[in-house]
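> So you can see what is in the structure, the chains are spelled out below.
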Amino acid sequence: MSMPFDIDQRMEGRIEDVGSFVQNIVNDLIRMVIFTGELTLVVWDAVRHPRRIRRRETLYYMDMCGTDAVPIVVMICILMGIILGFQSAMQLQKYGGDVFIADFVSLVIVKEMGPLMVAMICTGRAGSAFAAEIGTMKVGEELDALRTMGLNPVRFLVLPKLLAMLLVMPLLTVFGDIVGIFGGMIIAVLKLGLPVVVYYNRATAAITPLAFLLGLLKSFVFAFIITVIGCRRGFSAGNDAQGVGRAATSTVVSAIFWIVIADFVLTFFYSMIGE
Amino acid sequence: MLEANKFKLGLFVIVALVLLISSLFVFGLSEMFKTSMPVYTVFKTSIQGLSVGSAVKYRGVPVGKVSRILVRGEEELIIVQMELDVSVFKTENDRQMDMKSLNRMLQEQMKRGLTCGLEYVGITGMKYVELDYVNDEKNFTPLPQPDGVAGCYIPSRQSMFQNIVKMINQSLSNIASINIPEISRELSSILKHTNNILSDPKITRTIAHLEQVAQKLDQSLGNVNKTLTPKKLDEMFNLLSSDLRNFNELIVQVKQEIEAAKISKTSEAFRNSLNSVSETKMAIINTLLRMDQTLDSITELVNTVDDDPSVLLRGKQNPPLTGRGDRIKTKFLPSSAAAPASGGAQ
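Respectively, the protein sequence lines represent chains Z and B. All residue numbers for the first sequence refer to our numbering, where the first residue is 4 and numbers rise by one. All residue numbers for the second sequence refer to our numbering, where the first residue is 478 and numbers rise by one.
Don't read these hints as lab results, they were simulated from the structure. In this text the structure is predicted, and so the values were computed from the model without any measurement. All C-beta atoms, glycine included, are put in the ideal place defined by N, C-alpha and C. Certain hints may be false.
[To be verified] Computed spacing ranges between beta-carbons, pair by pair: (1) B:Val538 - Z:Phe272: 33 to 39 Å; (2) Z:Arg17 - B:Val529: 52 to 58 Å; (3) Z:Phe272 - B:Gly628: 31 to 37 Å; (4) B:Ser523 - Z:Asp48: 53 to 59 Å; (5) Z:Lys97 - B:Ser665: 48 to 54 Å; (6) Z:Trp47 - B:Leu547: 58 to 64 Å; (7) Z:Val201 - B:Asn482: 51 to 57 Å; (8) Z:Val201 - B:Arg589: 41 to 47 Å; (9) B:Asn482 - Z:Trp47: 27 to 33 Å.
Construct the entire structure; sequences and hints are all you get.
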């Protein structure tokens, strides 16, 4: 007789779990929207008063997120180009379409994989670092100290990171695109015996300046997502060491999720304008 | 505390910006600074596979791109606008063509049959516009030039694939025009007649005989095969070859002997002998004639003496020459030889 009661209780618990999960997501979204609004105000204020921008910090984060990320971006993107080239070569060779490897690799790298891979790397390097940094400051009550001194933590901490990311991520994407196309060329030349000139001509014919710039525009959007999520997770981190770790992990997961969603939306819009 | 490595950062930004700008130029931004000439063509058939940005080629050489595709539903026309890269076209002196000279050149080439056609780019189903000349210019009727479109109009032609489809359709219509029921009726009657012929007992007998002949021929061939074993054939060939060798040797010997006989000299000597024999024969004949004449004269003398023995004392009384000796003279002697004979008798 007690069985139906247990099932009801268990079911009730599960439904409660789902409800709380959805509530957390909605609350998180609301907090994220509020934080974005706050950040927008800070950016607007920075545009009106550029002197208020902390240049030294901005340069530091540019160096940290941009210059230091070049080797890993180059390595990942060249491997991505090689993988894409290898896979496409195996399929295209069956139909005698060897020469189309250049079109395929260059278009996929410039439109999708270049910005996406750079965003993944920056999420792992910069996003988690932002969350950990702000989270640690929260644990050390430095954020409260800033507020006490009348400083806006968002303007003081987030704005330099956002500016740095918006500036360096497109530049990193340029590196990623070029080495990715080069990776495809390695396979085209070594595996398919395609002349370098033919690959170069096909790749440059396939890519339009607009497609290249739209790829860079994606990286702007991804830079904004990574910074907002990283900093937001840092502000909402628990007041202990585990909380900082959780914030960093959560940043990586959430940023990747929202980057993929943003990529889908942007690709959809790009397809509407024929790119 | 938060100090950036400014050299590293500066290098990163400069390199990235250089790459960005050069990439934009390489990927086609440089085309913004190129002079292009607007041209267009018109199709009445499907242009599936052609899109804005598709290549325009002049006999396989890329010379431009498709810039716009319009549809005029009322006229059932598809207008394809293109941009030709003027820098690709050169004059005879390898100088750069300008828009006017390119336009003039296109007008001249169109008189020679320059048209736009759609060709496939590999196996992808994508197409490009090919500028080329029509093969059969006499039977080519271009579509009329539509109004209100800017640029140089180049008429379109049917692609090779469309020509093939047209030919197939034509062949199918030709096949359809064949009176198949009539042909089948005739064929069945032919078959009936053939059956009748084949069922004739004479034909059956002939076939049976033929079979027998074939069997006999087979047997004969078997016998020949048995008789002419490879060993025997070898022997025969050996014999034949040795005979031929002997014959060859004989010919060589005969040749040598003929050469040794000096036939030419012998025949010349023989010819000389014959000539001398013939001369001797003539001399003998002359001698015989003269002896005959002499005998005649003696006979006449004897007769005369017999008739008149006084002749021996008085001499001859000039009798007319009507005797046998004259007859012999005219019969055997030539005129030149007769005179001295008669003279000698007197």
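> Each of the hints needs a verdict: does it hold here or not?
Comparing the hints with the structure gives:
1. B:Val538 - Z:Phe272: 33 to 39 Å: At 37 Å between Cβs, range holds.
2. Z:Arg17 - B:Val529: 52 to 58 Å: holds (54 Å)
3. Z:Phe272 - B:Gly628: 31 to 37 Å: holds (32 Å)
4. B:Ser523 - Z:Asp48: 53 to 59 Å: holds (58 Å)
5. Z:Lys97 - B:Ser665: 48 to 54 Å: holds (51 Å)
6. Z:Trp47 - B:Leu547: 58 to 64 Å: violated (44 Å)
7. Z:Val201 - B:Asn482: 51 to 57 Å: violated (41 Å)
8. Z:Val201 - B:Arg589: 41 to 47 Å: The hint (41 to 47 Å, Cβ to Cβ) is violated, given that Z:Val201 and B:Arg589 are roughly 32 Å apart.
9. B:Asn482 - Z:Trp47: 27 to 33 Å: Holds, since B:Asn482 and Z:Trp47 (Cβ atoms, about 31 Å apart) stay within the stated range.
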